[in-house]
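In this note's numbering, the protein residues as written are 114 to 476.
Derived from the structure by calculation, the hints contain no laboratory data.
Quantities reported herein were computed from a predicted structural model and do not represent experimental measurements.
Just so you know, not all the hints are guaranteed correct.
DSS-like, lysine-lysine: derived pairs with alpha carbons at most 25 Å apart [claimed, not checked]:
{"#": "1", "residue 1": "Lys165", "residue 2": "Lys284"}
{"#": "2", "residue 1": "Lys284", "residue 2": "Lys118"}
{"#": "3", "residue 1": "Lys284", "residue 2": "Lys166"}
{"#": "4", "residue 1": "Lys453", "residue 2": "Lys441"}
{"#": "5", "residue 1": "Lys453", "residue 2": "Lys284"}
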Amino acid sequence: MGLGKWIGLVIFIAALYIVWQIRQILLLIFAAVVLATALERLVHLFQRLGVKKRGIAIALTVGLLLGVAAGFLFVIVPPFMDQLQQLANLIPTGFDRIQSGIEWLQDFVTQQDAFKIDSLSGLTEQLQSFVSRQFGNLFTLFSNSIGILLNTLFVLVLSIMLLANPSAYQKGFILLFPSFYRRRARHVLQRCNTALGGWAIGILFNMTVIAGFSGIGLWILHVPLVLANAILAGILTFIPNVGPTLSVIPPAALALLDAPWKALLVVILYIAIQQLESNILTPLVMEKQVSLLPAVTLASQVIFASFFGFLGLFLALPLVVVLQVWIKEILVKDILNHWKEPKSDRSITRWTINEDRNKTAQY
């Protein structure tokens with residue numbers, strides 16, 4: 114290998130190292146792209162309603178976004194945090210009640226079974242300590258972490274910049290491709306934009322429906338902290354597979370404080386809501402826009418969470434949506450579908466097929 118190739122290899126390895134070191138920033142940039150794509154749909158809606166100038170439509174969109182964010186902060190966040198604090202205080206009481214039930218069972222079992230239940234009792238104490246630590250870390254994160262606020266502002270400002278002049282950034286990105294492939298790259302970017310827009314509409318609709326049904330069901334069952342649990346269920350819908358499983362834990366623990374049967378009803382309620390989301394909402398809303406296989410979704414969450422942490426888990430689904438478009442358009446259509454078999458291999462393959470046919474005819 115010549116000197117030029119060695120230099121190119123070194124530059125390529127150095128580029129990979131730099132990309133890996135700034136992976137969190139790249140994920141934040143991708144989050145800004147996703148947000149800008151979602152807001153672009155709202156800008157087009159204002160333009161269809163009669164707002165001719167794009168600048169005014171963008172200003173209305175940003176104003177609406179900031180208004181919703183301010184309303185969320187001043188109307189929903191204070192009671193939500195208050196109810197979340199109550200939830201953190203009530204969960205240890207629930208574990209104490211479970212501990213009392215285990216001790217009560219020890220009076221009616223043999224000594225051998227009691228030994229097993231003692232082990233379960235110790236496990237319960239460890240689980241209680243773990244949950245208490247996690248809630249403590251959660252409140253520390255929300256109250257003391259300035260990094261989250263700065264990252265959020267970075268994503269918001271960058272999204273507005275991308276929204277102001279998306280064509281300029283798109284042209285700059287397309288220039289990274291060879292001249293003969295730029296038209297094709299522009300088409301792929303348009304497909305990514307369509308896929309991300311469809312995914313954003315679908316996930317927002319699903320989050321709203323899940324939060325609404327969860328709130329109504331918990332209100333009917335008289336479970337405390339309805340607002341906090343309903344919002345939590347809606348937000349965690351953003352993370353498929355993992356989120357819905359985590360969202361059932363707080364309301365079930367609260368219901369367990371009243372009666373075991375109520376906790377069972379809460380679990381049944383959440384299972385029914387998730388079945389509604391998986392079998393009705395997703396086919397009607399998401400699959401018309403983005404077709405993702407469940408196994409691919411779950412595997413992508415594990416992979417991105419392993420490499421990029423919580424931010425990778427949070428952005429796993431939009432990342433898979435974009436990767437699916439690029440793989441389908443470039444790897445499959447442009448490379449694999451046009452991969453011609455060499456002539457020498459064709460003759461060998463033809464000879465093998467003829468031999469197989471002769472053997473089949475003999476049998």
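What's the verdict on Lys165 and Lys284, does the C-alpha distance respect the 25 Å limit or exceed it? Holds. Lys165 to Lys284 sits at ~24 Å (cutoff 25 Å).
Assess, step by step, whether the Cα of Lys453 is no farther than 25 Å from the Cα of Lys284, and give holds or violated. Answer violated: Lys453 to Lys284 is near 32 Å, above 25 Å.
Agreement of Lys453 and Lys441 with the hint, judged by alpha carbon distance not exceeding 25 Å: It holds: about 18 Å lies between the C-alpha atoms, which stays within 25 Å.
Given the hinted pair Lys284 and Lys118, is their Cα-Cα distance within 25 Å? violated, 29 Å
Lys284 paired with Lys166 [C-alpha distance capped at 25 Å]: Given that 25 Å is the threshold and the Cα spacing comes to 22 Å, the pair holds.
The structure shown violates the earlier hints numbered 2, 5.
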